[in-house]
Amino acid sequence: MSDAALSRPLLELDTVVKTFGGVTAVGGLSTRVTRGSVHGLIGPNGAGKTTLINLITGLFHPTSGAIRFEGRSLEAMQPQAIATLGITRTYQNVRLFSGMTVLEQVMTGCWLTREVGVFASFLGLPSARAAWVRTREHALSLLARVSMDHRADELAETLSYGEQRRIEIARALGSRPKLLLLDEPTAGMNHQEATAIGRLVHELRDAGLTILMVEHNMGLVTEFCDDCTVVNFGRLLATGDPATCLADPDVQEAYFGRKTDAERIQALR
Amino acid sequence: METLLDLWAAYGSTIAFAMVNALFALSTYAVLSTGVLSFTTVVFAAVGGFLAAQSVAHLGIGLWPAFALAGIGGAVAGSVVAAAFLKLDSHWMALASLALVLITRVTVLNTPLLTGGVNGLVVPMSVPMGDLVILLALVAAVFWRLHRSWYGLAARAVREDAAVASTMGIPPRGIQFTAFVISGAVGGIGGAALAFTLQFISPETYFIGMAFTMIASTVLGGSFHWFGPIVGAAVFTALPVTMQSVLPAIEDVAKGVVLLVIMIFLPRGLVDPRAVGLRRAARRRVSAEEGTDV
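Protein chains in written order, with numbering that gives the first Met the number 0: chain F, 0 to 268; chain E, 0 to 293.
Don't read these hints as lab results, they were simulated from the structure.
Quick caveat, the model's predicted, so the values are computed rather than measured.
For glycine and all other residues, C-beta sits at the position ideal for the given N, C-alpha and C.
Heads up, a few of these hints could be off.
What the simulated footprint calls covered on chain F by chain E, stretch by stretch (three residues with Cβ under 8 Å from a Cβ of chain E suffice, anywhere in the stretch; the number is not a length) [said to hold, decoys possible]:
1) 17-24
2) 55-63
3) 71-79
4) 88-95
5) 111-120
6) 151-159
7) 204-217
Using the sequences plus the hints, can you model the full thing?
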């Protein structure tokens, strides 16, 4: 890959607008995600973070604006085509498949890297069987990565919330993506579990993956994110390195209320 | 030996019908297992049934070529239906498929040259029990392979959450299209098997009654594993006969009560692989509380 291609952002959002009827969920947002970074997407509830993830993965199509991945426009593409380009995700409310074991969930996530035709797999040809075994090994290694391999044969829906979140990450890694979108990966986790997720995210980045994560835990954002984008009411508040972003007066106001209110409270004391 | 033969005389046809109904239930399961509720199995059965009956009568082909022809005819019908219907949302899909069943009956009634019209068609061939067993075994083997292949995994994902499946690169429409082709082929073969079992077919053969039987069999047996529809069809076909001999006075009521009891206490059907996993998890919790981790 040329230097120019490497320095170009992996993902680029250019004045993206998404309206639902009369409601503007995303109102002209632009930001860029650098290749090989952990990028935090933060903002208060209802700021449009999950809508952005849905737009990037093709579950929604933007009303206007451009989304480019490695220079390719994603706006009109179907979710499965976007996944094929190398973008996968997890969900804010864990969305594992009911009735599947932990291993089956991750195997399903390996659909794009299965190395064998569906018909050959139906016939049970030796080459198809060998490919199936390789995929199984791959899925098990991903489960080991999120420390869930000892639960491989259990029904995923019987496990705890934190465990299900980790299985979802393993499933999203199945197709060997270039960009991983994590929608609140630490929601409902205690500090220890959340730190483990942060460390996993760093390991994945060091192995070459780019990660865009929605995160509410500011401690985690400053500790584990290289860059961040702060949104509120579907608009960009700040972007850059986490410490600078969080010190931004607009960001402070969005999170903790109006500055003047805060000063008044101080004065009342 | 005498009693065995008596049993056979009394229940032989029930067993044959149970196997034919199993084919229809499997055809319905084929699409239901990708999250599509469709009554079009009836249409595929009509295509296969009349195609097989006419080709046996006029082309002089044998039993198994007739099954093959019915399967191909059904598969073609399945792909046409899929191309037309797959853009519809779930409940509209079910409604449209029901409309197609009504249209099929009118078409059958009004094309007497092909279907015998209102007078029906005498089928000059019957299917021996042994051949019917082999046929069902072959179809079941196809479903067994599908279940254990990448198609089976993708179909389960699409059924449970099509949007999530698509973000993993699985094309939901493509999987559902394949499901319709399979449903068409199996429905067509089932239609032929019914024609060779009844030896007489008419517009009423492939109508609402069949739609009810195949949906009830699939729901009763369980639509989460291919073995479910086969079990469901057996129970649903045998139930009226059994009730008639056990409780002749209140046969209909007893049949309804048994169906309701199964549906209330086993809402996911008689065959449910997920229930096995849930029971295992419950056992593990109990033993963990007792301090003996498994």
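Verification of the hints:
1. 17-24: As far as the segment 17-24 of chain F goes, the hint is violated, because 0 residues have Cβ atoms under 8 Å from chain E.
2. 55-63: holds (count 3)
3. 71-79: holds (count 3)
4. 88-95: Satisfied; 3 residues make the cut.
5. 111-120: holds (count 5)
6. 151-159: holds (count 3)
7. 204-217: violated (count 0)
This entry does not satisfy hints 1, 7, going by the numbered hints stated previously.
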